[in-house]
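Note that the protein sequences, when read in sequence, are chains A and B. The numbering of the first sequence is my numbering, which starts it at 22 and goes up by one. The numbering of the second sequence is my numbering, which starts it at 22 and goes up by one.
Take the hints with a grain of salt, since some may be wrong.
[Unchecked claim] Simulated pairs of lysine-lysine, DSS-like, Cα-Cα distance not exceeding 27 Å: (1) B:448 - A:106; (2) A:312 - B:320; (3) A:427 - A:271; (4) B:271 - B:440; (5) B:409 - A:320; (6) A:312 - B:271; (7) B:449 - A:106; (8) A:161 - A:305; (9) A:224 - A:400; (10) A:448 - B:224; (11) B:105 - B:322; (12) A:24 - A:448; (13) A:271 - A:440; (14) A:320 - B:449; (15) B:448 - A:449; (16) A:161 - A:449; (17) B:133 - A:449; (18) A:449 - B:349; (19) B:224 - A:271; (20) A:224 - B:320; (21) A:271 - B:312; (22) B:105 - B:305; (23) B:271 - A:271; (24) A:31 - A:105; (25) A:105 - B:176; (26) A:448 - B:305.
[Said to hold, decoys possible] Covered stretches of chain A, going by a simulated chain B footprint (3 or more residues, C-beta under 8 Å): (27) 117-127; (28) 183-193; (29) 364-372.
[Stated by the list, open to error] For the chain A half of the interface with chain B, some residues (derived, Cβ under 7 Å), not all of them: (30) 81; (31) 175; (32) 178; (33) 179; (34) 241; (35) 275; (36) 280; (37) 285; (38) 386.
Rather than coming from a laboratory, the hints here were simulated on the basis of the structure. The structure presented is a predicted model; accordingly, all values stated were derived computationally and were not measured. Each residue gets a CB set at the ideal place from its N, CA and C atoms; glycine is no exception.
There are 2 protein chains.
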Amino acid sequence: MPKITNDPDKKTWLPVKVDSDFPIQNIPFGVFLTRDDIVTIGTRIGDHAIDLGALHQLGYFEGIPLTDDIFLQDTLNDFISDGKKTWRLVRNRIGEIFDAENGTLRDREDHKKIVLFSMEEIEMQLPVQIGDYTDFYSSKEHATNVGTMFRDPEKALMPNWLHIPVGYHGRSSTIVTSGTPVRRPMGQTLPPGADTPVFGPSKRVDFELEMAFITTDANALGEPVPVDEAEDYIFGMVLFNDWSARDIQKWEYVPLGPFLAKNFASSISPWIVTMDALAPFRVKSPPQDPKPLPYLQQKEKHTFDIHLEVEITPENSVPTVVTKSNFKYMYWTMAQQLAHHTVNGCKINSGDMLGSGTISGPHPDSYGSMLELAWQGTKPLELTGGEKRAFIEDNDTVTMRGYCEKGGLRIGFGEVKGKLLPVFQPKKKS
Amino acid sequence: MPKITNDPDKKTWLPVKVDSDFPIQNIPFGVFLTRDDIVTIGTRIGDHAIDLGALHQLGYFEGIPLTDDIFLQDTLNDFISDGKKTWRLVRNRIGEIFDAENGTLRDREDHKKIVLFSMEEIEMQLPVQIGDYTDFYSSKEHATNVGTMFRDPEKALMPNWLHIPVGYHGRSSTIVTSGTPVRRPMGQTLPPGADTPVFGPSKRVDFELEMAFITTDANALGEPVPVDEAEDYIFGMVLFNDWSARDIQKWEYVPLGPFLAKNFASSISPWIVTMDALAPFRVKSPPQDPKPLPYLQQKEKHTFDIHLEVEITPENSVPTVVTKSNFKYMYWTMAQQLAHHTVNGCKINSGDMLGSGTISGPHPDSYGSMLELAWQGTKPLELTGGEKRAFIEDNDTVTMRGYCEKGGLRIGFGEVKGKLLPVFQPKKKS
């Protein structure tokens, strides 16, 4: 397995602003549409997007076992299937090519013209074809808040919650990339006090501040992935807004779980940040008491210190940061989620996505959803522009950001942004 | 839109046994591996599989707008994307080619050698790449039985059940075709009376007798499919065994629904029977009281009279039919399921699969799962070979069959079969 190169002092010959999420130590992977309307796989340094398909054709990945068209694809799935050793070789090579001291590409204007794009001239795409998407529910604070609101504050956590990284299947077909607008859903809800439902626009559209990880092929059908091997099958992470319609959810979710309340849309950030890039930010996860069953037990540091925030921007108004949280609050780790998911033999493929669940911190200003921040509508938030918000209103834009910072090194995820459009109006039949 | 040809008196020049599921009026679609190890799309008449890729290359589909490689693929997804008009043209043309009176192919020994296979020399594959899989819970009898066992017999149906075709997302990566063995899953369960879970093999592996339908691209993200258009987006149906681990399910499913209890494996029959083939067997679905909300209201006949049965065959023993049910018992129709699924704008793609939920009839010998048939283990079934069964034992084979019959015409689905293997034994580390 090749060494990771994460030298915090390393410099690049590309311009990178001091607070950029994308220094040469990041090297995330994504898919974009170039100025010539070609879809390619790329990476990003500072405010430059780099066409890896073009770099490969020019011979810059010589010596790394890659098929000729591995980066000339509209998803990362095949590259992810190549496995951890290959991802690391490619990431390290990109680090070399853009090193300040390396003139190979730096001094070739003809090559740079083909390989480099400014972020303004490209359009980010969904980076993977997501085969299956699973969402967990792994923040103890979030589960406790929801249990307190919807059930009994004395028994807020379900009896299984401290034993199982509770999860459920979501919808892959409606996962969209940052910037894609989202429609307020129509649906059935039960008005307070009523005993029959009504149909109409959801009145309680919410965000859920989450992160998600993307896997490679991990196992054969029927074979579990042990918890201490699970991280080898994680390609990287993205920011994730699991849009939710709370009123639809409340009426539909017993006994089989959330369905239409969640599957109208889910948004991810376009750059997948690799586990290698996140390595310097490893921290211990919260202590687990009771001790989990042996197939879920881990030692050492298995989570990451990732600062997160959510901003709401009403139409023609100014943005307000409504919460600041951190990925490190999660009770269950990604490795535990993956080990649990496969303990029954469930097959994990390249391009599957596993969401963390809402990431709520211990304090009311670190909660990961409007449901919790405005406590079921009872404590509306006052925004900077003077607006009040209990849930998300039409034409509000929700933006999530995330980054790690330590010893002068900052690795970030950029953002995932989505505007909530009014409900769909069918064309009148004439 | 071309006419459907379902003449019950039509004969074919291929041999077809009197009780065959696959007369010339069926013409299902599937994917198989030929004797030359090539994957192709095909159909079946009697005990012959027909290579549609070869037929197309020989010009038999002339005049129908099809790309050259539409049948030379390892899934039906692209063909399904071509839409209902094209499926009907192709199915009608196949009916003409194999009509007893038509000598075009019948009298060409050289062509027949390339096009025809006996069922013994081919190997059926999964017919579609399933993007998203949703399972419903649409049998009132099943929901009532489960509610009676697990909750309160007086309030067996949840308040939402008569208003919503309740559904939830399942796992696509573990859907397998008939014949694929299935492993008994390991998992967490809560022993009776205990307050902490244990880890081990599931002791309550069950089948669920279901059917499922396969869709074509139905809508743009954010746009609902009206209930009276929904059937246009259904390509066809298969038999479906939604393997379930009842003890894992009981411990994990509150509050987010079944997860590891279901996603270890689900089996489908390999031939997709088209809605056109099923047209003669349309019947009215059970009356719905209370009347559903307008977006779910339908008139006329929107379900199908499909006889179903499940057989258990222990290792080295004889088969026993343990239940006989019928698809027509389902309370919610496929069109209602699809309209509900998309009412919030959820996107439906070609190759998505929507399961009916367990199909239980009104009588105890028509229940669709061992959970109900043996009433939570309290009334084990006695099999023909003398074995007793409360749930499925290691090395039992479960076989489901389904067919329609009316006025001398029989259209069937063949079978979906799966053997339950003992739990996976990891190799010892040396």
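Going through the hints against the structure:
1. Taking the CA atoms of residue 448 of chain B and residue 106 of chain A, the gap is near 24 Å; set against the 27 Å cutoff, the hint holds.
2. Simply put, residue 312 of chain A and residue 320 of chain B have alpha-carbon atoms about 56 Å apart, too far for the 27 Å limit, and the pair is violated.
3. In summary, the hint linking residue 427 of chain A to residue 271 of chain A is not supported, as the alpha carbons are separated by about 41 Å, beyond the 27 Å threshold.
4. Among the hinted pairs, residue 271 of chain B with residue 440 of chain B is consistent with the structure: their alpha-carbon atoms are about 24 Å apart, no more than 27 Å.
5. Between residue 409 of chain B and residue 320 of chain A the alpha-carbon distance is near 45 Å, which puts this suggested pair outside the 27 Å criterion.
6. Of the pairs offered as hints, the one joining residue 312 of chain A and residue 271 of chain B holds, with about 21 Å between alpha carbons and a cut-off of 27 Å not exceeded.
7. Simply put, residue 449 of chain B and residue 106 of chain A have alpha-carbon atoms about 25 Å apart, close enough for the 27 Å limit, and the pair holds.
8. Proximity of residue 161 of chain A to residue 305 of chain A is assessed by CA-CA distance (about 16 Å); at most 27 Å being required, the pair is judged to hold.
9. Between residue 224 of chain A and residue 400 of chain A the alpha-carbon distance is near 16 Å, which keeps this suggested pair within the 27 Å criterion.
10. A threshold of 27 Å between alpha carbons decides the hint, and for residue 448 of chain A with residue 224 of chain B the separation of about 54 Å lies outside it, so the pair is violated.
11. Proximity of residue 105 of chain B to residue 322 of chain B is assessed by CA-CA distance (about 20 Å); at most 27 Å being required, the pair is judged to hold.
12. Proposed proximity of residue 24 of chain A and residue 448 of chain A is contradicted: the alpha carbons are some 58 Å apart, above 27 Å.
13. About 24 Å separates the Cα atoms of residue 271 of chain A and residue 440 of chain A, which keeps this hinted pair within 27 Å; it holds.
14. This hinted pair checks out: residue 320 of chain A and residue 449 of chain B have alpha carbons roughly 22 Å apart, not beyond 27 Å.
15. With a CA separation close to 63 Å, the supplied pair residue 448 of chain B and residue 449 of chain A exceeds the 27 Å bound.
16. Proposed proximity of residue 161 of chain A and residue 449 of chain A is contradicted: the alpha carbons are some 47 Å apart, above 27 Å.
17. Among the hinted pairs, residue 133 of chain B with residue 449 of chain A is inconsistent with the structure: their alpha-carbon atoms are about 52 Å apart, more than 27 Å.
18. The straight-line distance between the Cα atoms of residue 449 of chain A and residue 349 of chain B is roughly 34 Å, outside the 27 Å bound, and the hint therefore fails.
19. Proposed proximity of residue 224 of chain B and residue 271 of chain A is contradicted: the alpha carbons are some 33 Å apart, above 27 Å.
20. Of the pairs offered as hints, the one joining residue 224 of chain A and residue 320 of chain B is violated, with about 31 Å between alpha carbons and a cut-off of 27 Å exceeded.
21. With a C-alpha separation of about 21 Å, the suggested pair residue 271 of chain A and residue 312 of chain B falls inside the 27 Å cut-off, and the hint holds.
22. A C-alpha spacing of about 23 Å is found between residue 105 of chain B and residue 305 of chain B, which places the hinted pair at or below 27 Å, so the restraint holds.
23. Pair hint residue 271 of chain B plus residue 271 of chain A holds up; C-alpha atoms about 21 Å apart against a cutoff of 27 Å.
24. Between the alpha carbons of residue 31 of chain A and residue 105 of chain A the distance comes to roughly 23 Å, so the proposed pair stays at or under 27 Å and holds.
25. Taking the CA atoms of residue 105 of chain A and residue 176 of chain B, the gap is about 52 Å. The hint is violated against a cut of 27 Å.
26. Under the criterion of a C-alpha separation no larger than 27 Å, the hint pairing residue 448 of chain A with residue 305 of chain B is inconsistent with the structure, at around 31 Å.
27. Counting residues of the region 117-127 of chain A whose C-beta sits closer than 8 Å to any C-beta of chain B gives 0, which falls short of three, so the coverage hint is violated.
28. Counting residues of the region 183-193 of chain A whose C-beta sits closer than 8 Å to any C-beta of chain B gives 9, which meets the bar of three, so the coverage hint holds.
29. Here the region 364-372 of chain A counts 7 residues with a CB under 8 Å from a CB of chain B, which clears the bar of 3, and the coverage holds.
30. A cut of 7 Å between beta carbons decides the hint on residue 81 of chain A: the least distance to chain B is about 34 Å, and the hint is violated.
31. For residue 175 of chain A, the interface hint is violated, since its Cβ never comes within 7 Å of a Cβ in chain B; the closest pair sits about 16 Å apart.
32. This hint is violated: residue 178 of chain A has a C-beta 11 Å from the nearest C-beta of chain B, more than the 7 Å allowed.
33. Contact between residue 179 of chain A and chain B, as hinted, is supported at the beta carbon level, the nearest pair being about 6 Å apart and thus within 7 Å.
34. For residue 241 of chain A, the interface hint is violated, the least distance from its beta-carbon to any beta-carbon of chain B being 9 Å, above 7 Å.
35. For residue 275 of chain A, the interface hint holds, since its Cβ comes within 7 Å of a Cβ in chain B; the closest pair sits about 6 Å apart.
36. For residue 280 of chain A, the shortest C-beta to C-beta distance to chain B is roughly 5 Å, which falls under 7 Å, so the interface hint holds.
37. Contact between residue 285 of chain A and chain B, as hinted, is supported at the beta carbon level, the nearest pair being about 4 Å apart and thus within 7 Å.
38. For the restraint placing residue 386 of chain A at the interface with chain B, the shortest Cβ-Cβ distance is roughly 26 Å, beyond the 7 Å limit, so the hint is violated.
Taken one by one, the earlier hints fail for this structure at numbers 2, 3, 5, 10, 12, 15, 16, 17, 18, 19, 20, 25, 26, 27, 30, 31, 32, 34, 38, listed in ascending order.
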